[in-house]
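Please build the complete structure, drawing on both the sequences and the hints.
Residue numbers (my numbering), protein chains in the order written: chain V, 2 to 463; chain R, 321 to 797.
No wet-lab data here; the hints were simulated from the structure. On a predicted model such as this, the values are computed, not experimentally measured, just so you know. Cβ atoms here follow ideal geometry from the backbone N, Cα and C, with glycine treated the same way. Treat each hint with caution, since some may be false.
[Said to hold, decoys possible] Far from chain R, some chain V residues (derived; all Cβ distances over 12 Å):
| # | residue |
| --- | --- |
| 1 | S18 |
| 2 | L60 |
| 3 | N143 |
[Said to hold, decoys possible] Which residues of chain R face chain V? A few of them, derived with a C-beta cut under 8 Å, are:
| # | residue |
| --- | --- |
| 4 | E452 |
| 5 | L453 |
| 6 | F460 |
| 7 | I464 |
| 8 | V479 |
| 9 | L483 |
| 10 | L486 |
| 11 | L489 |
| 12 | Y494 |
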Amino acid sequence: MNLIIISSIWGIVLMFSGLFFPRKSVSVNIAIIGAILLLIANTLDINGLSITSSTFNGLLQYDIYGYIFLELLLISFLFYLLLSAKQVTEVGNHPYEYFALMFFVMAGIGLVTFFNNLLILFIGIEIVSIPLYILTGSDKRNLKSNEASLKYFLTGAFSTGILLLGIAFLYGASGSFQVDRLLTEARPGLGVFTPIGLVFVLVALGFKVSAAPFHFWTPDAYDGAPTVFTSFMAAIVKLAAFVAFSNLFLFGFADLSAKWQLPLALMTVATLLIGNVTAVYQQSVKRMLAYSSIAQAGFMLLAVFSGNDLARQGLLLYTPAYCIATIGIFAVLIRMEDYTYDGFNGLASRHPMVAFCVTVFLLSLAGIPLTAGFFAKYFMLASVVKTGGFLWLVIVAVVLATISVYYYFRVIQAMYFRTASSGESFLKAETLSFRLLLLAGAILLIALGVFPYQLLLNWLIA
Amino acid sequence: MISLLLILIPLAGGLVNFILRSDQAARIWTLLVSFSSLATVLCHLFCSETANASFQADWLSLIGASFALQMDGAAALMCLLSAVVYVLITLAIWKNDIRSSNNFFALLLLTQAGVNGVFLASDGLLFYFFWELALIPVYFLCSIWGGEKRISVTFKFFVYTFLGSLLMLAGLLYMAYQAGGSFSLQALSEVKLSSSQQSWLFWLFFVAFAVKMPVFPFHTWQPDAYEQSPTAVTMVLSALMVKMGLFAVVRWLFPLLPGGVLQYSAIVIWLSIAGMLYASFIAMKQDDLKRLIAYSSIAHIGLINAALFAGNEGGYNGAMIQMFSHGVNVLGMWIVADIIEQKTGTRKISELGGLAQTSPVLAILLVIVALANIALPLTNAFIGEFLMFNALFKASVWYAVAAGLSIIFGAVYTLRMIQHIFLGDKTERADKVSVLPFGATLSLVLICILIFVGGLYPGLFFQLTADSVATLLKIFN
Numbered sequence: 002m003n004l005i006i007i008s009s010i011w012g013i014v015l016m017f018s019g020l021f022f023p024r025k026s027v028s029v030n031i032a033i034i035g036a037i038l039l040l041i042a043n044t045l046d047i048n049g050l051s052i053t054s055s056t057f058n059g060l061l062q063y064d065i066y067g068y069i070f071l072e073l074l075l076i077s078f079l080f081y082l083l084l085s086a087k088q089v090t091e092v093g094n095h096p097y098e099y100f101a102l103m104f105f106v107m108a109g110i111g112l113v114t115f116f117n118n119l120l121i122l123f124i125g126i127e128i129v130s131i132p133l134y135i136l137t138g139s140d141k142r143n144l145k146s147n148e149a150s151l152k153y154f155l156t157g158a159f160s161t162g163i164l165l166l167g168i169a170f171l172y173g174a175s176g177s178f179q180v181d182r183l184l185t186e187a188r189p190g191l192g193v194f195t196p197i198g199l200v201f202v203l204v205a206l207g208f209k210v211s212a213a214p215f216h217f218w219t220p221d222a223y224d225g226a227p228t229v230f231t232s233f234m235a236a237i238v239k240l241a242a243f244v245a246f247s248n249l250f251l252f253g254f255a256d257l258s259a260k261w262q263l264p265l266a267l268m269t270v271a272t273l274l275i276g277n278v279t280a281v282y283q284q285s286v287k288r289m290l291a292y293s294s295i296a297q298a299g300f301m302l303l304a305v306f307s308g309n310d311l312a313r314q315g316l317l318l319y320t321p322a323y324c325i326a327t328i329g330i331f332a333v334l335i336r337m338e339d340y341t342y343d344g345f346n347g348l349a350s351r352h353p354m355v356a357f358c359v360t361v362f363l364l365s366l367a368g369i370p371l372t373a374g375f376f377a378k379y380f381m382l383a384s385v386v387k388t389g390g391f392l393w394l395v396i397v398a399v400v401l402a403t404i405s406v407y408y409y410f411r412v413i414q415a416m417y418f419r420t421a422s423s424g425e426s427f428l429k430a431e432t433l434s435f436r437l438l439l440l441a442g443a444i445l446l447i448a449l450g451v452f453p454y455q456l457l458l459n460w461l462i463a
Numbered sequence: 321m322i323s324l325l326l327i328l329i330p331l332a333g334g335l336v337n338f339i340l341r342s343d344q345a346a347r348i349w350t351l352l353v354s355f356s357s358l359a360t361v362l363c364h365l366f367c368s369e370t371a372n373a374s375f376q377a378d379w380l381s382l383i384g385a386s387f388a389l390q391m392d393g394a395a396a397l398m399c400l401l402s403a404v405v406y407v408l409i410t411l412a413i414w415k416n417d418i419r420s421s422n423n424f425f426a427l428l429l430l431t432q433a434g435v436n437g438v439f440l441a442s443d444g445l446l447f448y449f450f451w452e453l454a455l456i457p458v459y460f461l462c463s464i465w466g467g468e469k470r471i472s473v474t475f476k477f478f479v480y481t482f483l484g485s486l487l488m489l490a491g492l493l494y495m496a497y498q499a500g501g502s503f504s505l506q507a508l509s510e511v512k513l514s515s516s517q518q519s520w521l522f523w524l525f526f527v528a529f530a531v532k533m534p535v536f537p538f539h540t541w542q543p544d545a546y547e548q549s550p551t552a553v554t555m556v557l558s559a560l561m562v563k564m565g566l567f568a569v570v571r572w573l574f575p576l577l578p579g580g581v582l583q584y585s586a587i588v589i590w591l592s593i594a595g596m597l598y599a600s601f602i603a604m605k606q607d608d609l610k611r612l613i614a615y616s617s618i619a620h621i622g623l624i625n626a627a628l629f630a631g632n633e634g635g636y637n638g639a640m641i642q643m644f645s646h647g648v649n650v651l652g653m654w655i656v657a658d659i660i661e662q663k664t665g666t667r668k669i670s671e672l673g674g675l676a677q678t679s680p681v682l683a684i685l686l687v688i689v690a691l692a693n694i695a696l697p698l699t700n701a702f703i704g705e706f707l708m709f710n711a712l713f714k715a716s717v718w719y720a721v722a723a724g725l726s727i728i729f730g731a732v733y734t735l736r737m738i739q740h741i742f743l744g745d746k747t748e749r750a751d752k753v754s755v756l757p758f759g760a761t762l763s764l765v766l767i768c769i770l771i772f773v774g775g776l777y778p779g780l781f782f783q784l785t786a787d788s789v790a791t792l793l794k795i796f797n
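Structural data, given as structure tokens:
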């Protein structure tokens with residue numbers, strides 16, 4: 002709860018600070034202080050020190066899982082701000098507003114993590130989405146950014162409508178918005194309302210996490226948005242959407258799993274297939290990362306699909322594995338002129354430490370052992386095996402994961418095995434602190450890849 | 321404890337190598353590290369109790385995986401091979417030019433850590449870990465220091481192996497779930513599986529191992545990779561990493577899925593024999609020395625694999641000793657090929673000739689290695705191949721007939737190679753080979769000694785692997 006309150010307040014603080022501190026660089030500091038505050042506030046929450054522990058008549062439901070998830074997300078957020086906050090101020094003339102919007106997004110994320118009521122879910126998703134529409138279009142003079150924003154907004158609004166319609170059907174069937182009462186209080190005679198509502202909700206949430214066949218907005222929005230914001234959207238926001246998705250299906254619809262598991266499995270396969278295969282054909286690393294985020298979403302859908310303890314642990318592990326890696330690679334990408342694979346040529350000889358860290362990030366995304374990404378994927382696969390059936394899903398996921406090696410390793414090949422054509426140094430603002438931060442991220446991923454329980458998951462069990 | 325040391329020594333040695341700055345220091349350090357690995361293995365073989373060699377520590381107890389290493393006869397033999405091979409390789413490439421050699425040797429040693437881990441792990445997930453980790457340094461080694469087409473060739477190799485191992489992971493997960501959530505070799509081999517489960521699980525595992533060996537039709541990455549890799553890596557690949565596949569069959573596939581093995585042994589044997597014949601035919605037509613050795617290696621590995629699946633005591637014994645002998649012999653072939661390439665600047669057999677006149681020492685050494693390669697009596701390969709043919713014969717006459725053809729072809733291409741390179745008219749290039757590099761010669765002499773020791777006193781090896789063979793026999797009877 003602390004997170005929701007403080008991030009809302011800090012968003013407002015940021016908006017007004019612009020009046021008093023005209024220098025852009027101040028906004029960076031205020032944002033970083035805010036992120037640290039959020040981290041502290043959430044840590045206090047884990048230890049039982051909350052501003053209020055009211056559930057507002059059952060609208061919210063707090064659990065340790067959600068707190069740990071938020072903690073990981075906040076660490077990623079801080080990592081993001083430390084690496085790229087300066088680039089946020091370079092996007093346009095309103096740095097304070099950009100940061101404020103991000104803090105509002107964080108408040109929305111708090112809501113979608115703890116919702117116990119479909120209306121809170123809806124409001125949370127809207128609070129997350131609307132700032133993102135603005136951030137996508139924040140590069141006002143860039144036509145691509147405008148187009149991306151409009152596309153994202155129109156399709157997003159449409160999917161929100163579908164979500165609302167689904168919620169209405171579910172309400173019609175049970176007379177309640179409470180997640181845990183959706184099935185138990187479904188009234189006889191209106192049996193058909195529940196499945197219809199379920200399908201609408203599935204489609205809408207599939208859209209939000211960019212699952213195929215509802216993924217078409219993703220590459221355009223991610224590619225058109227200023228790269229700093231793509232990083233934020235692709236990493237932090239995506240994970241939050243997934244936690245909402247898995248919570249809803251685990252707590253709301255578990256008893257109906259026989260009905261939605263097969264459609265969800267097919268959706269997963271389609272997402273993995275489209276994400277992986279299309280990523281292979283991309284020439285720009287930024288677009289490749291957009292498609293790779295779809296492919297990774299396919300893997301995370303496995304957690305929604307199986308919905309057992311392993312799936313939830315896996316999603317928790319996926320958070321740092323995916324966020325840190327994605328944010329790290331984007332932070333390097335922002336500092337480059339050339340977003341094609343050739344832009345990475347010869348990076349290893351000029352910036353060996355950066356190249357090493359990017360390699361670790363890519364290996365983690367590809368799921369190679371000794372990185373957090375391996376265990377993230379491992380838990381996803383293990384959770385499906387644990388459901389007892391659907392072994393074909395595991396094998397399909399594994400085969401499609403092999404394709405992902407192709408496009409991740411192309412970057413490694415460019416960095417290490419090819420030489421740059423031009424003689425100039427090509428990473429802008431590559432400072433010592435930047436290198437050390439990246440290294441810290443890489444070390445964290447390796448540590449999690451060796452001791453996932455000792456470092457992270459034991460907190461959940463204790 | 322010794323098994324842990326066998327992983328830690330090359331691991332730590334490799335990491336230290338990254339920070340060494342001078343070329344000479346990197347080489348000396350690598351040699352030292354390799355020698356200490358060798359000393360550790362020898363210490364295990366001669367002075368310590370077998371029971372002390374294993375190691376167990378908690379790792380991920382909640383998902384049923386532990387850091388468990390177990391030293392049995394087959395593992396000890398393979399670790400011995402890895403230690404011997406690394407000493408010999410370091411000596412053999414002592415004078416080769418390698419740019420940023422500290423990184424090169426560092427990655428080489430990290431590979432050894434991974435490979436030793438594969439040989440020792442007795443926990444499924446740990447095994448998978450090492451299986452993948454051995455691949456990563458090799459990927460970088462080949463792609464940075466390899467030949468012209470290195471990037472695409474190495475990538476093909478990587479993707480093949482990666483796909484195979486992911487399928488294995490899926491199989492392991494399924495079996496671990498059936499075993500009540502434990503990955504230990506013991507628990508996995510006690511799982512009761514129906515015959516249909518065994519049959520599809522068999523292929524999930526076997527494809528991973530078959531890619532590594534490689535067995536026809538999963539072999540297409542291999543000749544390209546051998547040709548394009550830097551020599552030292554080719555040596556590691558063919559002498560050591562190929563054995564990972566065979567070893568995994570012995571240590572994991574047989575105990576875990578005996579039903580599947582029995583069900584498909586005929587198919588696997590025919591695949592292996594087809595690969596032997598196919599590789600031998602191509603080897604006869606090769607003009608490139610490296611590719612010739614690569615194809616000959618496919619043929620030899622095919623025979624070992626066929627003998628393992630033939631399923632009798634002679635086959636197991638022969639396969640074990642041949643796993644070691646092939647590693648040593650093929651290493652000898654690569655060293656000769658490397659000396660010739662370094663000195664004359666070509667690998668084309670047609671461009672060479674008369675080397676025996678300028679360098680009789682090299683000729684003698686090559687002839688010994690080559691004769692061992694075609695398994696003449698008195699050499700280390702004879703006893704192994706004899707036992708394996710005997711085993712195939714016992715399983716079916718047709719196996720022995722078909723596989724026997726490849727031996728004849730083997731003699732044809734090996735002798736043709738000797739004839740073209742060392743005899744015949746002396747070419748201009750031959751004059752350049754008058755002085756041999758000391759390190760490579762020393763390592764060839766050591767290999768010849770090993771060839772004769774293995775040929776005259778194979779009992780040493782049989783004693784060592786007796787327990788592994790007994791385990792295999794117990795599984796199938």
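Structure-based check of each hint:
1. S18: It holds; S18(V) is separated from chain R by about 46 Å at its closest Cβ, greater than 12 Å.
2. L60: 34 Å, holds
3. N143: Check passes; 35 Å lies beyond 12 Å.
4. E452: Interface hint status for E452(R): holds (5 Å vs cutoff 8 Å).
5. L453: 6 Å, holds
6. F460: Holds, about 7 Å.
7. I464: Holds, about 6 Å.
8. V479: Interface hint status for V479(R): holds (6 Å vs cutoff 8 Å).
9. L483: 4 Å, holds
10. L486: 4 Å, holds
11. L489: With a minimum Cβ separation of about 7 Å from chain V (threshold 8 Å), the hint on L489(R) holds.
12. Y494: 6 Å, holds
In summary, the structure agrees with every hint in the numbered list given earlier.
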